[in-house]
Structure formats: C-alpha cells, structure tokens
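J.: One line per chain: the protein sequences are S and W, in this order. Residue numbers for the first sequence follow our numbering, so the first one is 1 and each next one is one higher. Residue numbers for the second sequence follow our numbering, so the first one is 1 and each next one is one higher.
Hints listed in this document are in silico derivations from the structure and should not be mistaken for laboratory results.
Since the list gives no way to pick one copy over another, a pair counts as held whenever it fits inside one copy or between any two copies.
In silico DSSO-like pairs for lysine-lysine, Cα to Cα no more than 27 Å straight-line:
(1) K395 <-> K320
(2) K201 <-> K215
(3) K204 <-> K215
(4) K324 <-> K392
(5) K320 <-> K398
(6) K324 <-> K395
(7) K389 <-> K320
(8) K389 <-> K324
(9) K398 <-> K324
Number of protein chains: 2
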Amino acid sequence: MARTASLSGFPEWLPEERLVELHVLDTLRRVFELHGFSSIETRAVETVGQLLRKGEIDKEVYGLSRLQEDEGTNPVKEGKADPHALALHFDLTVPFARYVVENAGYLAFPFRRYQIQKVWRGERPQEGRAREFTQADIDVVGDGELPFRYDVEIALVIAEALSALPIPDFRLRINNRKLAEGFYRGIGLDDTAGVLRSIDKLEKIGPAKVAELLKSELGATDEQAQKALQLAGIRAEDTSFVAQVQALGVTNDLLEEGLAELEQVVEAAVQRAPGKVVADLSIARGLDYYTGTVVETVLVGHEQLGSICSGGRYDALASKGNRKFPGVGLSIGVTRLVSRILSQDLARASRSVPTAVLVALANEDSWDVAQDVAAQLRSRGIPTEVAAKAEKFGKQIKFADRRGIPFVWFTDDDGTHQVKDIRTGEQVVAAPETWTPPAEDLTVQVSTVSEPAAV
Amino acid sequence: MARTASLSGFPEWLPEERLVELHVLDTLRRVFELHGFSSIETRAVETVGQLLRKGEIDKEVYGLSRLQEDEGTNPVKEGKADPHALALHFDLTVPFARYVVENAGYLAFPFRRYQIQKVWRGERPQEGRAREFTQADIDVVGDGELPFRYDVEIALVIAEALSALPIPDFRLRINNRKLAEGFYRGIGLDDTAGVLRSIDKLEKIGPAKVAELLKSELGATDEQAQKALQLAGIRAEDTSFVAQVQALGVTNDLLEEGLAELEQVVEAAVQRAPGKVVADLSIARGLDYYTGTVVETVLVGHEQLGSICSGGRYDALASKGNRKFPGVGLSIGVTRLVSRILSQDLARASRSVPTAVLVALANEDSWDVAQDVAAQLRSRGIPTEVAAKAEKFGKQIKFADRRGIPFVWFTDDDGTHQVKDIRTGEQVVAAPETWTPPAEDLTVQVSTVSEPAAV
Chain S
1 MARTASLSGF PEWLPEERLV ELHVLDTLRR VFELHGFSSI ETRAVETVGQ
51 LLRKGEIDKE VYGLSRLQED EGTNPVKEGK ADPHALALHF DLTVPFARYV
101 VENAGYLAFP FRRYQIQKVW RGERPQEGRA REFTQADIDV VGDGELPFRY
151 DVEIALVIAE ALSALPIPDF RLRINNRKLA EGFYRGIGLD DTAGVLRSID
201 KLEKIGPAKV AELLKSELGA TDEQAQKALQ LAGIRAEDTS FVAQVQALGV
251 TNDLLEEGLA ELEQVVEAAV QRAPGKVVAD LSIARGLDYY TGTVVETVLV
301 GHEQLGSICS GGRYDALASK GNRKFPGVGL SIGVTRLVSR ILSQDLARAS
351 RSVPTAVLVA LANEDSWDVA QDVAAQLRSR GIPTEVAAKA EKFGKQIKFA
401 DRRGIPFVWF TDDDGTHQVK DIRTGEQVVA APETWTPPAE DLTVQVSTVS
451 EPAAV
Chain W
1 MARTASLSGF PEWLPEERLV ELHVLDTLRR VFELHGFSSI ETRAVETVGQ
51 LLRKGEIDKE VYGLSRLQED EGTNPVKEGK ADPHALALHF DLTVPFARYV
101 VENAGYLAFP FRRYQIQKVW RGERPQEGRA REFTQADIDV VGDGELPFRY
151 DVEIALVIAE ALSALPIPDF RLRINNRKLA EGFYRGIGLD DTAGVLRSID
201 KLEKIGPAKV AELLKSELGA TDEQAQKALQ LAGIRAEDTS FVAQVQALGV
251 TNDLLEEGLA ELEQVVEAAV QRAPGKVVAD LSIARGLDYY TGTVVETVLV
301 GHEQLGSICS GGRYDALASK GNRKFPGVGL SIGVTRLVSR ILSQDLARAS
351 RSVPTAVLVA LANEDSWDVA QDVAAQLRSR GIPTEVAAKA EKFGKQIKFA
401 DRRGIPFVWF TDDDGTHQVK DIRTGEQVVA APETWTPPAE DLTVQVSTVS
451 EPAAV
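Work the whole structure out from these sequences, hints included.
T.: Written as structure tokens, this is what we have:
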C-alpha cells in the first residue's frame with residue numbers, strides 16, 4: 001500500500017486494492033439503478049471549444065495531438081488554444097450537457113442518468129488530488145422545467161449511496177444559491193458572484209480576511225461584510241436555520257425562495273437520512289453554473305481531504321436554441337474515496353483473487369478430469385482454477401495459499417473427490433455437482449476493517 | 001440506431017444501447033472471474049518512450065499536451081516524439097507489461113488478470129474501427145516460465161466468454177509462430193519475420209501476389225514460395241492438420257515443437273469447445289512480440305468486420321533485468337462487437353431504463369408515503385422511481401410508458417396499494433412488503449432478437 005505511482009498523479013491499484021474499488025463501483029451502480037438511473041458513458045474527449053469557456057486556456061486541461069504529424073498537431077498556437085482541437089474531459093457534467101443536447105430527440109425527460117468514468121486534470125498532484133481519477137455522477141435533467149423535488153431526491157439518493165460504502169461517517173453540507181444571492185442583494189451587495197467568490201475562501205483564510213476582501217474588492221461597508229459573514233456562519237442539522245436567517249432581518253424575494261427550497265431538502269433529509277445532512281450557509285461552490293441547491297460533502301474526521309461529493313442545481317447549463325435543459329446532479333470522487341480507504345486501511349478484500357477453489361492435479365494425465373470438475377463448479381457460480389502442473393500436493397497447496405485461494409480440490413484415481421479448506425486444514429469428501437463453499441467464501445467480500453479513526 | 005457520432009470515430013450509445021454494452025461487459029467479467037482472473041486497470045497514459053519502439057512515431061498514438069503552457073507542451077519536437085511526453089495507450093498489453101514489471105514484487109505468479117478499458121488510436125475511422133474503443137483482455141503471466149497449458153486454457157476461457165454473448169457464431173482461428181517459423185527455416189527461408197509479413201497479406205492480396213512478394217522481396221524460389229503458401233492453406237477443425245503439415249515433407253525441430261503445441265490446443269478445443277476453434281495456418285498477426293500460439297477470431301457471416309478477438313503467446317514482452325515474464329493472452333474488441341450487435345439489431349434490451357416500478361402520486365402531499373413505498377420495494381431489490389408531480393394518473397402512466405417502466409404503483413388515501421402492469425392493463429391489490437414483479441421484469445434483460453443474419 002506504500003507503493004508510489006510510477007507517474008505522479010496517475011494512481012494504479014494492486015489486484016486486492018482494485019477489489020475494494022470494484023466494490024465501491026458496484027455498490028454505487030446498484031444504488032443508482034435501484035433508483036432508476038440509466039447508465040451512460042460519453043467519449044473521453046471533447047473539443048477544446050466545448051470544454052473551455054470564452055476561449056480562456058484553463059490550466060487543468062490536457063489537449064491531444066497526433067504524434068504522426070510532422071510538427072504534431074499542437075492544440076495550442078501562439079498562446080491560444082485551437083477550439084477545434086481535441087482535449088480530455090475534466091469532469092462529467094460538461095460532456096453530459098453536450099450529450100443531452102445532441103441526443104435530446106432520443107431521450108425521455110426528465111432524464112435520469114448515472115455516469116462512472118475517468119476524468120483528467122493537468123494539475124499538480126497532491127493527496128486527494130490526482131491527474132487521472134474516477135467520478136461517479138448522477139443527474140436528473142428536464143426539458144424546459146424540472147420540479148424542485150428532484151433536488152431533494154438527488155440528495156437522498158447520494159446519502160443512501162454513500163451510506164452503503166465502507167467509508168467513515170459523512171455530512172452533506174447543503175446551501176442554496178438563491179438564498180445567498182437574495183440575501184446579498186437584500187443587504188445591498190449586488191455583485192453576488194463576487195461575494196460568493198470571497199465567501200468561498202472562508203475555510204482557507206478565515207472571516208477577518210474575507211471581511212477585508214468584501215470591503216476592499218466589492219466596496220462593502222463594515223455592516224454589510226458582517227451580515228454576509230453572519231449568514232455564512234449559520235449551520236444546522238435541522239430546519240432551525242430558517243429562523244436564524246430570518247433573525248438577521250433581511251428581506252428579499254429570491255432569499256425567501258431559496259430559504260423555502262433549502263428547508264424542503266433539509267426537512268426530507270432529517271426524516272429519511274437522519275444525521276447525514278447539514279444546512280451549511282458557507283457553502284459557495286466555485287463553478288458559476290449553479291443556480292439553486294449547492295452541495296459539498298465531507299468525511300467526518302477526514303475533512304482535510306476536501307469534498308468527496310459535490311454538485312447542485314443548474315438551470316442553464318445546457319440549451320438548444322430556445323430549449324433549456326435544467327438539471328440537478330451530484331458527483332462522487334471515487335478515486336479520492338478509494339485512495340483514502342486504502343491509505344487508512346479502512347476496508348479490505350477478504351482475499352486477493354476471485355478464485356474460491358483450486359483443482360489440484362494428481363498427475364499430468366488428470367488435467368482433463370480436473371477441467372471437468374472445474375466446469376461443474378463454475379456452472380454453479382463457484383470461481384475455480386485448475387493447477388497447470390502436477391507438482392507435489394504440498395506445492396499445489398502452497399500455490400493456492402500464495403494466491404489467497406481458500407479451497408483445494410483433490411480427485412483420486414478411483415474418482416473420489418475431496419476438498420480441503422487450507423486455512424483450517426479441514427478436508428471433506430465432496431461431489432463436484434453439489435459441494436458449495438460457505439457464502440462468505442463464494443465471492444470476495446469487502447468489509448470495514450476497524451472503526452474509522454479520526455485523523 | 002442510425003445516429004452519427006458527433007466526433008467521427010468516437011461512438012457514444014443511447015441509454016438502451018448502453019444496456020446492451022453493459023450486458024456484454026458484465027457477462028465477460030462474470031466468465032473471467034469464474035475462471036479466477038483478477039481485475040486490474042492501468043492508467044490511460046504511458047510515456048511515449050514506453051509506447052513506441054525504437055523512437056519511431058507510430059501514426060496511431062495520441063500525445064498529450066497541457067493547454068496552459070504558453071506554447072503548449074507539444075510532444076513532437078522537430079519531427080521526433082519526446083520519449084518523456086505522455087500519450088494515450090493504444091492497447092492494454094503494453095501497459096499491462098509495464099504494470100507487471102513495476103509491481104512484480106506484489107503479484108503472485110502465474111498472475112491471471114482481466115482488464116476492460118478504453119484505448120485510443122488516431123487512425124482514420126471506418127466500420128469496425130473507432131478512435132476510442134473498449135477492449136477486454138485476459139492474460140496469464142509467469143515469472144521465468146509459464147506452462148504451455150495456459151495457452152490451451154486461455155483459448156477455452158475466451159470460447160466460453162464469447163459463447164455467453166448475444167453474438168452470432170464465431171471461430172477462433174489458431175496458429176503457432178514456432179510452427180510457421182520452423183517450417184520457413186526448414187525450407188530455407190531464414191527471414192521468417194519477412195515471410196510472416198507477406199503471409200499476413202494473404203486475405204488482402206491473394207496467393208499469387210504473396211508469392212510474388214516472397215520471391216521479389218525475400219529472394220524465395222518458386223518452390224519455396226509454393227511451400228509457404230501450401231502451409232498457409234491448411235485449415236482444420238480437428239488435429240488432422242498435423243498429418244497435412246507432415247505431408248509437406250519439411251523437417252525442423254521448431255516446426256515439430258509448434259506442431260505439438262497447436263495440436264494440444266486444438267485437441268482440447270475439439271472436446272471442450274466443439275466447433276468453436278479451427279487450426280488456420282494462414283494466421284500471422286502483425287505485431288512481432290508473439291512467439292508461439294497466435295489467435296484471431298471471426299464472427300461467422302460477419303468476416304469482413306475483421307478479428308473480434310486476437311492475441312497469443314509472448315515469451316519476452318516484459319522483463320526486468322534478467323527476469324523474464326512470459327505470457328499468453330487474448331483481447332476482445334468490445335466496441336467492435338457492440339457496434340455490430342446494435343447496427344444489425346442482433347440483441348436488444350427489454351426496456352430502456354433500470355426502473356421496474358413508478359410510484360404515482362395521488363396528490364402533492366403523498367410524496368412522503370410514496371417514498372416509503374419506494375424504499376420498501378428497493379430494499380427487496382426492485383428498481384423504483386417516485387413521480388415528481390401529482391399530475392392526473394393518466395399523465396403519470398404515460399410518463400412511465402414513455403420511459404419504458406412496466407409497472408405503476410398507486411396508493412389510496414385509505415392506505416390500500418395497487419399495482420398496474422401498464423402493458424396489459426392488469427391491476428392488482430399489492431403490499432409494498434411482499435409484492436415482486438416477475439423475474440423477467442425485475443431487471444433489464446438483454447437477449448438475441450433473431451437468428452444472426454449472414455451478411
């Protein structure tokens with residue numbers, strides 16, 4: 001587990017680590033499908049124009065060039081990215097928006113999809129931040145309009161999905177852009193994006209410096225800055241935040257709308273995902289396409305890892321002519337979670353290979369009989385390998401042990417079969433048509449190792 | 001299904017098409033794991049030096065550059081690829097070889113792995129050839145040596161895996177490099193790689209032109225060229241090819257070794273995968289790292305699609321100092337298969353969404369009760385959605401119909417529950433704790449539509 005990736009920022013797992021990742025991926029898929037989300041994948045590449053807004057070169061994007069061209073097909077020319085050049089996607093939201101617009105005629109709206117894929121960012125690698133990593137997204141997208149209830153539902157689905165993973169306790173920290181923006185307008189700060197940008201730095205630089213920023217950059221008065229900070233200071237695991245906001249004495253229609261929306265999410269969460277959700281009015285989210293609900297998620301005791309699941313409502317990410325496709329979605333940082341599970345040994349696979357049974361060879365001529373036994377076991381869903389050489393039984397057992405295979409099967413010349421649990425040494429007569437390992441040995445189990453340690 | 005990818009060579013599937021792909025991927029995974037193969041993934045990028053041999057610029061490789069650098073980080077400089085630059089992998093064998101060498105100390109050999117990932121090639125797109133596509137590989141790699149039996153096993157596992165897919169009948173066309181090279185040496189043609197290159201063109205240009213090539217480029221006599229072509233003309237679904245080769249009267253130790261190996265594979269296949277394997281002595285395989293068994297696979301009636309599964313034995317792909325890691329493996333072209341299944345309508349998903357049940361809303365206040373019903377159904381593995389709005393029941397049923405959801409659930413004010421099969425109109429009283437849809441409606445089924453049509 002202490003291995004270092006041979007290319008910094010591009011983690012690779014050993015087979016037993018991959019089993020933990022597979023368990024996470026399978027669990028997410030199961031929960032998403034139980035809630036009626038369809039799987040899609042988008043291509044790994046988009047055009048630079050699709051990925052970058054206003055032609056700015058975003059430092060996080062990897063462009064592609066074809067090596068066979070004499071001078072390459074450098075996607076950057078004279079300091080400007082060619083909008084027609086291809087680049088690797090850096091998230092799954094932008095490609096999904098393009099997919100929805102392109103395929104609108106083939107989709108039934110509201111369209112619910114999950115998407116689990118790798119994304120790439122050219123940034124400096126550090127703990128919790130890789131250059132290649134897997135995201136698991138769910139979104140619901142409407143045609144023209146999308147009922148607010150989906151905001152509630154998405155939060156509940158994600159809470160259920162995260163609860164099913166072998167990870168420490170978590171909190172969805174939820175806020176609402178309308179609430180924040182309405183409040184800022186209500187106190188006379190109209191550059192709401194500017195205020196959000198400053199508030200977003202609260203955890204990094206602290207309230208005093210944020211107040212300075214609000215005053216120096218946005219011309220806020222002392223009182224305005226204090227009000228904005230008071231709002232950002234509100235946190236509640238129930239709907240009591242509503243009274244706290246009202247107590248600040250600010251009135252604004254957008255504020256009221258946002259307050260009612262956030263109340264609806266928190267109310268449902270208190271009932272259906274108790275203890276998993278907190279209204280946290282400091283949450284801003286950097287990207288500016290969010291228009292309502294915004295969410296970040298922390299692992300309790302691992303807050304410095306950053307958000308492991310983020311997203312929110314966007315009313316205008318995708319459009320086709322006059323047709324708008326509002327959506328709400330959340331994205332789980334699978335690689336960030338799996339890295340943490342592995343580095344802190346939070347969960348482990350019960351063995352390192354899928355194989356439950358090794359069929360040993362009594363002699364070189366018995367390979368064929370052994371294949372018959374293996375085929376019978378497999379036909380009943382028991383993962384089985386056949387030894388490749390008729391070495392001494394001790395050596396074949398050692399081979400199984402080294403690979404982590406729990407059972408070894410022996411067939412005598414007279415056709416009697418026996419199976420040995422090499423962990424206990426217990427050996428019993430068995431028939432290939434009927435013998436079954438205990439359920440916990442049939443397939444690899446991934447389970448929590450210990451109480452999650454606070455760090 | 002007649003949609004065109006918005007970027008040529010980068011196919012994307014609609015949700016109901018993705019269900020067919022998922023079925024293929026799940027089936028392959030199940031078979032591979034039943035045979036004890038461990039899942040791994042490697043990063044999508046390698047260094048150019050790792051990917052390209054002898055520094056030649058291979059036209060198929062996409063290099064990466066970071067867009068934020070002023071002039072980009074063009075991986076090509078003055079017509080030469082920078083070996084330290086990053087590029088997308090074009091297959092899963094080269095990355096796997098690197099992975100084995102890097103992690104040799106953590107792996108138990110012989111190491112069996114499957115790997116299902118996307119790969120990228122910058123070539124001109126055409127039917128059956130995409131720029132981004134998914135491969136599913138299995139390999140067994142040994143430390144120092146690897147018993148030949150794994151060649152037999154790999155072929156059988158692949159035959160079993162392909163048989164489990166909703167595809168037309170297929171043939172594994174198997175040859176052996178030792179057999180071919182030994183034969184060429186035996187008739188006095190020592191540039192065996194050159195002969196293989198010419199023989200590889202047999203299907204494209206025909207025997208007369210191949211004979212010309214052998215004579216003009218390799219200085220073969222008429223008789224040598226004819227012998228080489230006679231060998232390449234041998235095909236047999238059983239071990240009768242051995243006698244046919246021997247009848248050509250060529251003796252060579254390597255030839256004998258290859259003949260015995262190929263006989264062993266075909267003998268086992270005749271018994272365990274009858275009709276699925278053919279000894280085809282024209283198979284050459286372009287890449288030069290193969291050293292024994294070589295395999296290509298065609299779909300019967302779809303031969304012009306090209307090979308859907310290829311690979312073989314490589315004794316020297318990976319090494320670490322004096323330590324050699326011989327391997328044998330096969331790679332299934334998943335995207336090629338799925339494209340064909342979809343374009344020819346060979347298989348279809350039973351519905352386009354995972355959802356089996358839509359819980360309807362009697363009125364806006366019933367959302368909470370509906371969520372309780374949904375949670376109960378989901379807890380028993382039944383994929384369930386809740387309607388977002390209390391529209392007229394007719395509208396809610398239409399919504400389910402449009403999404404392909406087979407059942408709609410109604411809860412009366414008095415707490416009675418009913419469930420309607422909207423395909424038949426049949427409606428029954430049901431309890432959320434016990435009602436279960438028929439097995440074929442519980443999850444999406446993917447099945448063959450019709451007899452595979454010859455093209």
